[in-house]
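**Student:** The listed protein sequences derive, respectively, from chains H and D.
Residues 1 to 200 (the numbering used here) make up the first sequence, in order.
Residues 1001 to 1200 (the numbering used here) make up the second sequence, in order.
Be aware that one or more of the hints could be misleading.
[As the list claims (entries may be wrong)] With a straight-line cut-off of 20 Å between C-alpha atoms, the simulated EDC-like cross-links for lysine to aspartate or glutamate are:
id, chain 1, residue 1, chain 2, residue 2
1, H, 199, D, 1123
2, D, 1199, H, 145
3, H, 199, D, 1124
4, H, 199, D, 1164
5, H, 183, H, 23
6, H, 183, D, 1171
7, D, 1199, H, 123
[What the hints assert, rightly or not] If you want the ones that stay clear, here's a sample from chain D, every Cβ over 10 Å from chain H, calculated:
id, residue
8, 1026
9, 1038
10, 1086
11, 1095
12, 1165
In case anyone wonders, no lab produced these hints; they're calculated from the structure.
The C-beta atom is built at its ideal place from N, Cα and C for all residues, glycine as well.
Number of protein chains: 2
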Amino acid sequence: MFILSSPSGAGKTTISRMLLDRDGEINLSVSATTRPKRPGEVDGKHYHFVDQAEFDRMVEADEFYEWATVFGHCYGTPKAQIRSGLKEGRDYLFDIDWQGTQQLYQKDQQDVVRVFILPPSLDELQRRLTGRGTDSPEVIQARMERARAEISHWDGYDYVVVNDEVEACYDQVLAILHAERMKRARQTGLIGFVRGLMKD
Amino acid sequence: MFILSSPSGAGKTTISRMLLDRDGEINLSVSATTRPKRPGEVDGKHYHFVDQAEFDRMVEADEFYEWATVFGHCYGTPKAQIRSGLKEGRDYLFDIDWQGTQQLYQKDQQDVVRVFILPPSLDELQRRLTGRGTDSPEVIQARMERARAEISHWDGYDYVVVNDEVEACYDQVLAILHAERMKRARQTGLIGFVRGLMKD
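Extracted from the complex, chain H is given alone in its bound form (with noise of 0.2 Å):
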């Protein structure tokens, strides 16, 4: 389980679908939500729409790795499909805040890498986020505040990546995934292969 976490603004979306785009065997984990569907979208492809309900049922039951309200919407990672591609040696990539972070990292830290991305500074990340123009100023402003209180978790995370430009930036989020492959912990078919080459 891949984790990028970063303010907003920092590129963290941009870096998601760069790694979604270009690395064959990253997966995105389906979320379930409350939240209802827009045009377009697909059940079981971009959300598993679930009501209130059944939301509540999934959390008593803890069938989340990790779940949140945003703006009265309730969104979860179901843990039954991910569970099971893990087993199978599929990679999952996670676009989430730090305490979605916290809460995955709580129930498997094994299987967690978690990447944190820095913007080069405050005054660029502000530019960003007002170069986007789909804003108003009140809203970059309560984007900034929660920013800071974003990076102050900054020391929650395996790795820091400053983002000072997108494509290096990607290549060092890219050298991490690649490294953390050849962990030998997870190497699940290293022991039949050692194992093959003793009996060379």
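Given chain H, put chain D in place with the hints provided.
**Tutor:** Coordinates of chain D only, in the frame set by chain H:
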């Protein structure tokens, strides 16, 4: 301290040279040895040449990270230069066997990254050793026996890379080195950087 180990012929020395040539930030530690100086060797550059009494004194004084006797001569890695280099943020490469790795790891677990390079098969290893054309069949047989013994210690390493093709293997080792540099705990300048960010 970036350790590369492998059985003889699996590519450790080639990969080490490529890292030293191409990565501007990694250094080779200068070992102390009781072996006589060969023509062209420079004291303090290729080795610190010391006599047996001085070597024994250094062992007694716990001045080595690891040391070993090979063909009647002693070789050791002095702590002093590496400790001061690590403090300044320098990386050191070690081309050592599993016993040296174990000694190093016992003395400094935090700063050690252990990478084991496996050959794709023992047949291929034998082909590579034979292809060198420098050793007699008996020496090759002895090397193959040592290779099996070395491989049996593969599980004492953090990362394992199979050397099918040298450039691909180099890329994987480089990804490990780059990823390890992004570990939060290794980025000693990060605390100041984040503090600066928050003050922006």
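**Student:** Against this structure, judge whether each hint is valid.
**Tutor:** Results for each hint:
no. : hint           : in the structure
1   : 199/H x 1123/D : holds (11 Å)
2   : 1199/D x 145/H : holds (13 Å)
3   : 199/H x 1124/D : holds (14 Å)
4   : 199/H x 1164/D : holds (18 Å)
5   : 183/H x 23/H   : holds (18 Å)
6   : 183/H x 1171/D : holds (15 Å)
7   : 1199/D x 123/H : holds (11 Å)
8   : 1026           : holds (15 Å)
9   : 1038           : holds (35 Å)
10  : 1086           : holds (19 Å)
11  : 1095           : holds (18 Å)
12  : 1165           : holds (15 Å)
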